[in-house]
Amino acid sequence: MNRQIASWGGRYGAMSLFALFTLFPFLWALSVGLSSDPSAIWHFPASFVPNAPGTGWFRRVFAEMPFFTYVGNSLLLSAITVAGVLALTIPCGYALAQLDFPGRRALFAVMLLTLTLPSEVAIVPNFVTISRLGLVDTYLGAVLPNLASAFGVFLMKQSFEQVPEEVIDAARVDGASEWRLLWRVAVPLNLPAIGTLAIFTLVTAWNDYLWPAVVFYTRSKLPISVGVFNDLTGPFAVSTSLVMAAVVMAVVPVIVLFVATQRLFLQPQALPLRG
Amino acid sequence: MAKPGVRALTGWLFVAPCALVFVVFTLWPMLFNGWLAFQDYFIAERATAWNDFANFVTLYKSATFRLSVANSLLMLLTVPIIQAGALGLALLVHRKLPGITFFRATFYLPVVITLSIAAIVWRYVFHYDGMLNWALTAIGVFEPRQGPQWLEQSGPALVAVMLFAFWKNVGYYMVLYLVGLAAIPRELTEAAVLDGAGPRARFIHISLPMLAPVIVLCTLLSTIAALKTFQEVMVLTGGSGDTVTALYFVYNMAFSGFNFGAAGAAALLFTLVCLAVALVQLRVMGRHSPFRRAA
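If you read the sequences in order, they're chains D and V. Read the first sequence against our numbering and you will find it ends at 277, with the numbers running on by one and no gaps. Read the second sequence against our numbering and you will find it ends at 302, with the numbers running on by one and no gaps.
The hints are simulated quantities; they were obtained by calculation from the structure and are not laboratory data. Among the hints, erroneous ones may be present.
Chain V is faced by these chain D residues, among others (derived, beta-carbon under 10 Å) [what the hints assert, rightly or not]:
hint : residue
1    : A21
2    : F64
3    : L119
All C-beta atoms, glycine included, are put in the ideal place defined by N, C-alpha and C.
The task is simple: from the sequences and hints, build the whole structure.
Spelled out as structure tokens, the structure:
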């Protein structure tokens with residue numbers, strides 16, 4: 003019995019230590035942001051407890067940084083990306099899973115292969131393409147390269163393969179068109195997988211830093227990931243307290259979304275592969 | 008599979024929009040890099056001229072390019088550390104103990120946190136007067152004020168990038184190992200317990216062999232991720248302290264040096280390396296992907 007308790011204690015001890023490792027940057031940021039008196043922020047471990055707690059720094063962030071503009075831009079970009087990815091990958095995945103046409107295997111093989119290649123090398127050519135299309139510094143230009151998600155196609159194909167053949171054939175015999183069949187029969191049967199894809203896409207789009215940083219040059223169009231980063235490493239860097247308050251505000255939306263959907267990430271039916 | 012009354016045209020129409028965007032923004036860039044690699048590209052005039060292998064000679068002569076390749080290879084050192092850490096964490100949180108979801112979620116949290124925002128805090132952790140040097144001083148590694156300049160000094164700066172990459176990614180692989188552990192049949196473990204096998208024997212003789220495909224997959228994913236290290240450097244050190252990696256070199260060549268030809272050449276070489284790793288991956292994994300769902 004004592005050994006059992008000791009082993010449990012060891013387990014929880016180890017887990018708590020590692021939890022501290024993953025969380026300490028944010029705990030410190032929160033404590034610094036809440037400290038009205040910044041004199042102790044470099045004194046460890048005292049800096050993990052707010053010194054003269056107050057919300058002054060947070061109010062200054064709201065006053066001095068266009069935080070809600072960034073949030074709005076992030077929401078807009080993520081929403082367009084999610085809608086676009088679903089609109090493109092659902093019919094594509096369905097056709098690859100349930101329809102027969104020449105080139106089907108080749109298309110899927112090429113898409114799978116690109117999943118393992120570094121998407122970052124596409125930045126330069128895509129910038130050339132986007133500027134030829136006149137889409138630099140536009141929301142369309144910021145989302146377009148991310149829409150044909152190979153991961154999304156893979157996930158949708160896998161999911162639509164699970165629809166029983168009898169169901170599809172029955173609908174076909176009833177004379178339903180393939181388009182109608184997709185949206186009225188196949189999609190309702192695959193809502194969990196579609197939801198998973200939507201959430202993964204949302205998180206990826208929300209966190210995307212590199213491409214928006216390249217494609218936008220107007221500050222008021224920037225998403226959080228770029229706008230807050232630029233401000234905090236530029237004009238705001240003079241006050242650590244201000245920086246940390248802004249960091250806390252910037253991670254809160256992600257943490258809320260993650261807590262609400264953690265099941266999808268921690269018990270994955272499909273791997274959240276990163277391109 | 009016979010498809011009654013479904014024409015091939017329908018299939019093409021369904022994939023067309025996705026395929027079009029895919030070809031333009033995913034496939035074309037790879038081909039374009041291959042073409043750029045052999046060109047002098049004049050941005051202002053939008054003119055190009057074939058220059059044989061001049062871009063590759065530029066790369067060969069560039070000390071920064073050699074440094075960036077060396078750094079990308081050095082990042083491979085993180086692969087075994089991240090994998091060992093992830094497997095250890097998975098074993099730690101595998102059993103359904105009270106509060107386990109909290110710990111799993113906490114360990115995964117850095118994966119979903121915006122990279123650029125997380126990097127801001129870590130810049131302060133690595134500050135010469137920051138938390139890391141304080142902790143190292145406290146345990147007596149350095150005399151006060153003698154710690155390294157983690158983000159500026161050649162050597163320590165790359166270690167800082169590695170530590171940041173570990174923090175950011177270890178939870179991702181932990182979840183993959185958790186999926187693998189959950190797939191081990193309970194009877195196997197129970198039979199081993201009946202046979203009197205201790206935890207260590209069970210790990211070596213059951214968990215490890217059963218996890219082998221997952222370990223291979225994770226190692227390959229992690230290898231590609233390590234070679235691809237770029238954004239971590241961009242947001243953490245901005246390339247200072249000799250932390251330029253291969254992809255960062257490509258980016259800098261294009262957007263700071265405006266040498267799109269050399270950038271294309273470096274991108275082409277890099278894509279080929281990743282392609283080679285990917286082919287190994289496909290060969291090793293083949294049809295035995297541990298995550299293929301039973302149909």
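Cut-off 10 Å, beta-carbon criterion: hint that D/F64 touches chain V: violated, 17 Å
Report holds or violated for the interface hint on D/L119, using the least CB-CB distance to chain V and a cut-off of 10 Å. holds, 5 Å
Residue hint D/A21, partner chain V, criterion CB-CB below 10 Å: This hint holds: D/A21 lies near chain V, its Cβ roughly 5 Å from the closest one there, short of 10 Å.
Checked against the numbered hints given earlier, the structure breaks only hint 2 and satisfies all the rest.
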